[in-house]
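Novice: Construct the entire structure; sequences and hints are all you get.
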Amino acid sequence: MAVETGSLHSLLQKGVVWQAYRQPSDKAVSLSTGYPELDQALPGSGWQRGQLVELLYRREGGGELRLLLPALAQLCREGADEREPGWLLWVDPPHIPYAPALAEAGVDLARVLVVRSNSRRDRLWCLEQALKSGCCSAVLGWLPTGQEKAIRRLQVAAVEGGAAGFLFRPAGCREQSSAAPCRLLLQNRASGAEVTILKRRGGWALPAMHLLLGEERILPAIHQERPELRLVD
Amino acid sequence: MTASRASTGREPLWLYLHFPLLALECQLNLSGVAAPGAAALLDDAGRQLRLCNGDAVRAGVEQGMAPATAYSICPELQLLKPNPEQARYQLESLAFWAGNFSAQISLYPPDGLLLEIASMLHYFGGLESFRQRLEQQQLRLGYGACRATGHTPQAARLLARAGRQLCLADKHAHLQQLQELPVNQLELPARMAEQLNGMGLQRLAQLLQLPRESLSNRFGPHLLDHLDRLVGRTPDPQSPFLPPPQFVRLLEFSRELESSQALLFPLRPILESLQGYLRLRGLQAEQLQLLLVARDGEQQLLEICHAGGASEAGIWLELCRLRFEQLRLQQPVLAMQLLVEQFRELDAETVDLFSPPQGRERPAQLLSRLRVRLGEQAVQPLALYPDHRPEKGWTTQGTANLEVVAVPKGRPAWLLRQPERLAQAQLERQVELLKGPERISGGWWDGLPVRRDYYIGRWSDGRLGWLFRDDCGDWYLHGWYG
Amino acid sequence: MSYAELHCLSNFSFLRGASHPEELVQRAAELGYRALALTDECSVAGVVRAWQACRELPPGHNLKLIVGAEFRLDDSCQVLLAPDRTAYGQLCSLISKARRRAGKGRYEIHWSDFESGLDGCLLLFRPPRDEVQAHRHGRRLAGCFPERCWLLVERLLEADDQQQFRQLQGLARRLNLPLVCANDVHMHLPQRQRLQDLLTAIRLRTTVQRAGQALACNGERHLRSLNKLRRLYPPELREQTLAIAERCRFDLSELRYEYPAELVPPGQQADAYLAELVASGCRSRFPDGVPANVQAQIDKELQLIRELGYAHFFLTIHDIVQFARSRDILCQGRGSAANSVVCYCLHITEVDPREVNLLFERFISRERNEPPDIDVDFEHERREEVIQYIYRTYGRDRAGLAATVISYRAKSAIRDVGKALGMDESYLAWLISRLDRRDHGNPWLKQLAALGGERPAPLYRQFVELVAEILDFPRHLSQHVGGFVISAGPLAELVPVENAAMAERTVIQWNKDDLEALGLLKVDLLALGMLTAIRKTLALLGETPDRPLRIQDIPREDKATYEMLSRGDSVGVFQVESRAQMNMLPRLKPQSYYDLVIEVAIVRPGPIQGDMVHPYLKRRDGIEDVEYPSEAVRAVLARTLGVPIFQEQVIELAMVAAGFSGGEADQLRRAMAAWKRSGQIRKYQQKLIDGMLERGYDRTFAERICRQIEGFGEYGFPESHAASFALLVYVSAWLKRHHPAAFFCGLLNSQPMGFYSPSQLVQDAQRHGVEVLPVSINESRWDHALESVAQGRAKPAATEGCCRAGAGRPNAARRCIDAPGDALQSACCGRHNPVSALRLGLRLVKGLSRSAADRLLSQRPATGFVSLAEARRLCRLSRGDWDALAAAGALNPLSRHRYQARWELLEQPPQLELAGPDGSVGSADAERVQLAAPGEQSDLEEDFRHLGLSLGRHPLALLREQGVLGRCLSAAQLRACRHGQLVHVAGLVTNRQRPGTASGATFVTLEDESGQINLVVWQATAKAQRSALLTSRILQVSGVLEREGEVIHVVAGRLRDISFRWDQLKVKSRDFR
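Chains as they are written, first to last, in our numbering: chain X, 1 to 233; chain D, 1 to 482; chain H, 1 to 1073.
No lab work stands behind these hints: they were computed from the structure. Just to be clear, a hint being listed does not mean it is correct.
[Said to hold, decoys possible] Every beta carbon over 12 Å from chain D, so not counted as near; a handful from chain H, in silico:
{"hint": "1", "residue": "C144"}
{"hint": "2", "residue": "D197"}
{"hint": "3", "residue": "T206"}
{"hint": "4", "residue": "T207"}
{"hint": "5", "residue": "P458"}
{"hint": "6", "residue": "Q462"}
{"hint": "7", "residue": "A488"}
{"hint": "8", "residue": "E493"}
{"hint": "9", "residue": "L520"}
{"hint": "10", "residue": "K683"}
{"hint": "11", "residue": "D698"}
{"hint": "12", "residue": "Q751"}
{"hint": "13", "residue": "Q859"}
{"hint": "14", "residue": "R902"}
{"hint": "15", "residue": "R975"}
[To be verified] Computed footprint of chain X on chain D, listed as stretches where at least three residues anywhere in the stretch have a Cβ under 8 Å from a Cβ of chain X:
{"hint": "16", "stretch": "189-203"}
{"hint": "17", "stretch": "413-419"}
The structure presented is a predicted model; accordingly, all values stated were derived computationally and were not measured. Don't be surprised by glycine CBs; every beta carbon is placed ideally from N, CA and C.
Specialist: See the structure below:
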């Protein structure tokens, strides 16, 4: 008869009371990516809420987060005056999302949650719960190849909850089919990256576009000065 | 037992329980150590010792000493900071317990209880057996108390606070005791007591001998009123303690309890409190909810029911014992909470958290649901932390309590959990350094000093990494500009 | 290529800079910098030290010191440099302006401050981050500092160094301004980063753990090597630093002090005017004609003053002293130049040059180019009048107090460092309580390290290291007790002036040593309680209040006075009333004024540590022969029997026996003053020994002298000071000997001062046969007063003091003195006058305000109040004032005792005043209720609590009467005991003292009804019985009596705290009632 009800109890103790269902404000469905060139290429001029976006990339460090950060910042600006703005939920990121960089990009850290699941099952459960809960502005997940059925469920959940869902997946998934309505491929170049839209609603595939992805801000000194590597003491 | 008011024919009789060390003992009892050794409670400013326990006094420590002096006399002295909330909570517990002895209790915060007992003597079979029962139970309480009877509430209170352990029934005997009380123990305003002492008036007897009008002329009507209530010349109505609608007691142990049977010992006084509580309210309990908390926050809820409702501590203790026998503790227990909210006359109301969510949740709900399934630690917030060392520049402690003045600029969005060593050859072949150095040194105070030069470098496949050279000249990758 | 660092803070930017100015200078020189600008934040408080350090650099190192300051405004930084004297004055004025606007320790500066009045200064500008602001302010500043403005590039290896540099380059192009580099230096070595972090935490009142981003992100704010600078900055920026340094030609030695000119009448020369003043003073000092040798001395002194250009200095002091004399403020000069015939003639000192042969040249000399030193002591209650006079005469812009630099010492260092490391305050207090700072064998830092246990936690180790590092770091400027600088022009152009904590006070940014190092003159105006007491006593003794007795009327070399001092009977006497002095008096047996000079100087840590006391006493008693290794040494040491006792003798010895030049001897004197801090004295020690050996002195002699110098340390006492003090010793002793009632009255009216509490003074007065009368509402005045007992009540007899007839006429006074023995007081007074008694005044009543007392006195009928009711009706004092009077027992004459007085005071007056026939309000109630009187013990306690003393029996007498003291002997009985005898004593603990000299011993003074008992508690005894020693109020002691002549000590064996006996007594008496 022992029941694990830790949170039940703590909620009762804190006097948390169920609140009436609150309709989300009628925000625009689309969300600017922060990159005008990319916005132009995407249907509705940006990412779509209530949809999954799949980002294919080779290895961390190529700008996959820089591609998203302007949109996350935009979500934070939108939610700034809401009483209970939604979460930006990161499920099993491969490294530590570094708070100073997020803050610099304009992300409201109070809204960021990082989840570490114990298993693939938990990870999917978690993504599904979050996407459909209706209380997340964005859900970010990292999934390996395969997962076709799971992605379908997640897409359904995203529609239900209205959150912007971003799945980061290895470039090797390129040839696999996916229920995500929007798929992008990111490839590094000597500076910046090349972004190819593999799939979009209501449009043909487009040629790759080159984006600097904020490098111009990180490296203003890029062509003028080389550091002195031998600087000691 | 039902509460019956003192009837008019009976001589009033009151009992006052004074717990002089309550504020100190409630913290020591929390620690659960049987013999805590010398301990003392600091005053609010932390400049003086406010209370000292027996061991401390024996070691030569005195109330009013500066902490430094006390340490020099007794180096092993345990100094505690006051926790008034805890003391208030304990006084309430003691009032519940006192419900076993009286139906009319008044709280005298921070450290006293007043019990009307004239109407109880019949029930207990006289004053002497009342005293014996009280003494027996008091021993188990873990709190040192001075108690005294009085024919008025103030008489009982002042005699108890003066340290007279009295158990008298007679009004005149009480009056005689009162006469001897020093003026500065009469709880007069400090200024007034000082004035009286300054006129050589040191005992109540001397005051009572003076002409009333002379006293009134000098000290105003308040003094006479106070004295009249004290000796019983005018009535002194008391405001009774009203118990809260549910019974909640939390008990934290200083060490982990490994066997379920070991839980019975600390449970006993709580059940005795419960018994007093139920008597005060004239109710019986139907269900006890016992929450056991392990170190990592893991919780276990036991529900123990009595179909017909019961109030006796003994009965509930037996039920708990039986329940514990079946129980295998998954982990050692650090704290225990008893909640009783189902009583005989009340309808229970419960909420099921596990019904599937309908429509939109509140953000807090999603958070708690994730935590229930994945564990408390699996879901973490993210915040800045003001420390120059990159690995210390963030925290999961929610809103950090330190102000971040400026967000460091140009940091990578990915930080590696551990810096990754880079071989010199790899560095030269694959990485082109683009920016730097940014020198970061500090952290000498907590054993994790750093001294590093940070650079931004481009890998040959176009990725941007954040790398540093430490003071040994070794290179490490610390983050990616993801 | 070399470099000049132009932006550098020292630890005089309090709690920011992490290196001493000296360290910065030395490091910069080591690194081969060509120049260093010390630019503390809105301050030049550290520049003199840096300047001195520059002058002391080893040969081959050459570093130019540039004076400057930095100012912070928003997030920009302005560094101003002073290329010449004019610019330096402008800089100082700006600092003063900014400092005077804000409270103590802070400053407030505005952009507009840079727009005018700085046309000589160079500006290095580090603009705000914001580019728009940077451009706006940059353009304005560039306009205000044409050809004198640079943009400051500081590359500290922070994240956005490169962007910033580029931004500055852009700005420089647009504004057409040159760039220059600097390093925002906060420390001389990168290793000081730890300390700098700590200072930041202290400054922000937080801990290093919580200081977070307020700390610097690295330790780059140090003096960097030329190599590193080459890699960090392009060559043109580095060359620019040298070009700027080249333009800076100002040196602090250019500061010359210009004296106020107004003291010299127009058309006259200062030297001539001084000579004139001296000549006229001479006539009043020597009415019978100036002795030839005195005149010769005067001529010599004036000649020397003329040569060295000090006339204005003497005129300034003369002017101040003249003012004091015009207001009857007693004053007395001391210091190297004070005891000259010139000063005697100018009334700066009362020390008669004929009595002491103090040679002027001993204190002021041609070779030693040090400024003359005169301190003037004033009555402590009236010094403020003198200070206000100076402000009035010279204006606040020309007169300022010297600063005192408050630096980290053991306690403050432990507390601040510990707190900044997050350690618990009560733990730190405990650590402090465990340190024995007197233990020379085991320095306290070592003890502190040991308290961390055998394997201290890393944080504790760092704590100890940081405490050691922060020691002597300046924390803030405070005002010097009385060192004034008065200038001819605005003071703020000489040195910045800032606000002191006391309202209406300003201090300059330099301290005494800084002024001395620059050769600037200051006047020390000090407060001395004894002068107040002497003036008040003299007033009581004068013929009329308008014609007080004067110091010069007091007969000199009075035998009875020396006889009293030789007995060690010196409670209340200036300087020689401490226990150590009292013990020395019977051994030294002073017979003349010069003996007092020696007495004052010899009971000092210096001579005691230098082991000079015993040789001196032996030689004085003829037990040891006096030998001089040479005639030259004899000339120096003969007056002190071959033992150096005064600081001046050490200096002279160094010159005479070891061949030091005047300048070197002066440096030696300074090293002695600071020897603990710098350890510099060792350098001189070797030189001393070598010099003496070279001149044929033997090694033992040389080494002994050296040891003595070391022992002298910072405690060496100058003969010139001792001479002035000795005069006051003699005067106060004479007053005590011949007019005890007036003397104690004057002393009590000058409290707080001196070594003893009013209670001890009153007891001593009583022991000297003075009748002391209680505070009374009908008899007392505010001050204590003399009352002639025979003539009855209520006739304060301020002017009818003892020996009144003799006052003012030395011969008459001398007649009194000739009467022998202790009977003198009554005998002498009996001849002229009824005996005077000392009536305690209302000033003793704790909690009674002066204004209330004045109201009371003004309403008091000549015959006194008849009842308390009448007094209350007439006076209308506050409840608190009445309570205070009742508590002090001052109402007893009207209400019998305190209890009754308080009872009556509390009675509410009836609505309608039912005045009786005598005008008093009837008090039926008071008659009806008669409260019991307090017991003797309770009276005693209240006396002590509300008056601080009691005229009743001594508490020990009560205890003795109750038989609880057993076999304890009284102080009086001890005098009959023999050396080595085992004795038991008991008494109130009046004093616990741990003198630095006799390490390990605690001196405790007990007091009983018959006098004082001196205890010596050795360290082992003290440790074993710590609690009894430290906390007892009443102590019972068993020990061994030690006697040396009249000096008696009890060496404690067993200590027992018997304070509880007193409380027991109380309980007992209550139960009896």
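Novice: According to the definition I'm using, a residue is off the interface if its beta carbon is farther than 12 Å from all beta carbons of the partner; does T207 of chain H meet that for chain D?
Specialist: Given a closest Cβ separation of 8 Å, the condition is violated.
Novice: Minimum C-beta separation from P458 of chain H to chain D exceeding 12 Å: can you confirm that?
Specialist: Contrary to the label, P458 of chain H does not stay out of reach of chain D, its closest Cβ about 6 Å off (not over 12 Å).
Novice: Take a quick look at Q859 of chain H and tell me if its Cβ sits farther than 12 Å from every Cβ on chain D, holds or violated.
Specialist: For Q859 of chain H, whose nearest Cβ neighbour in chain D is about 24 Å away, the distance exceeds 12 Å, so it holds.
Novice: Would you check whether the claim that L520 of chain H is not at the interface survives, using Cβ distances to chain D and the 12 Å cut-off?
Specialist: Answer for L520 of chain H: holds, closest chain D Cβ roughly 42 Å.
Novice: Would you assess whether A488 of chain H, listed as outside the interface, keeps its beta-carbon beyond 12 Å of every beta-carbon in chain D?
Specialist: The claim holds: A488 of chain H sits with its nearest Cβ about 48 Å from chain D, beyond 12 Å.
Novice: Holds or violated: is the Cβ of R975 of chain H farther than 12 Å from all Cβ atoms of chain D?
Specialist: holds (37 Å)
Novice: Could you let me know if the closest chain D CB is still more than 12 Å away from the CB of C144 of chain H?
Specialist: The assertion about C144 of chain H holds, with a minimum of 31 Å to chain D.
Novice: Over 12 Å to the closest beta carbon of chain D is the bar; see if Q751 of chain H clears it.
Specialist: At about 26 Å from chain D, Q751 of chain H clears the 12 Å cut-off, so the statement holds.
Novice: Is the nearest Cβ of chain D still more than 12 Å from the Cβ of R902 of chain H?
Specialist: Per Cβ check, R902 of chain H is inside 12 Å of chain D; nearest 5 Å; violated.
Novice: Could you let me know if the closest chain D CB is still more than 12 Å away from the CB of D698 of chain H?
Specialist: holds (51 Å)
Novice: Checking a non-interface call: every C-beta of chain D should be farther than 12 Å from the C-beta of Q462 of chain H. Is that right?
Specialist: violated (7 Å)
Novice: Does the claim that K683 of chain H lies outside the interface with chain D hold up, using a Cβ gap greater than 12 Å?
Specialist: The claim holds: K683 of chain H sits with its nearest Cβ about 35 Å from chain D, beyond 12 Å.
The structure fails hints 2, 3, 4, 5, 6, 14 and 16 (numbered hints given earlier, in ascending order).
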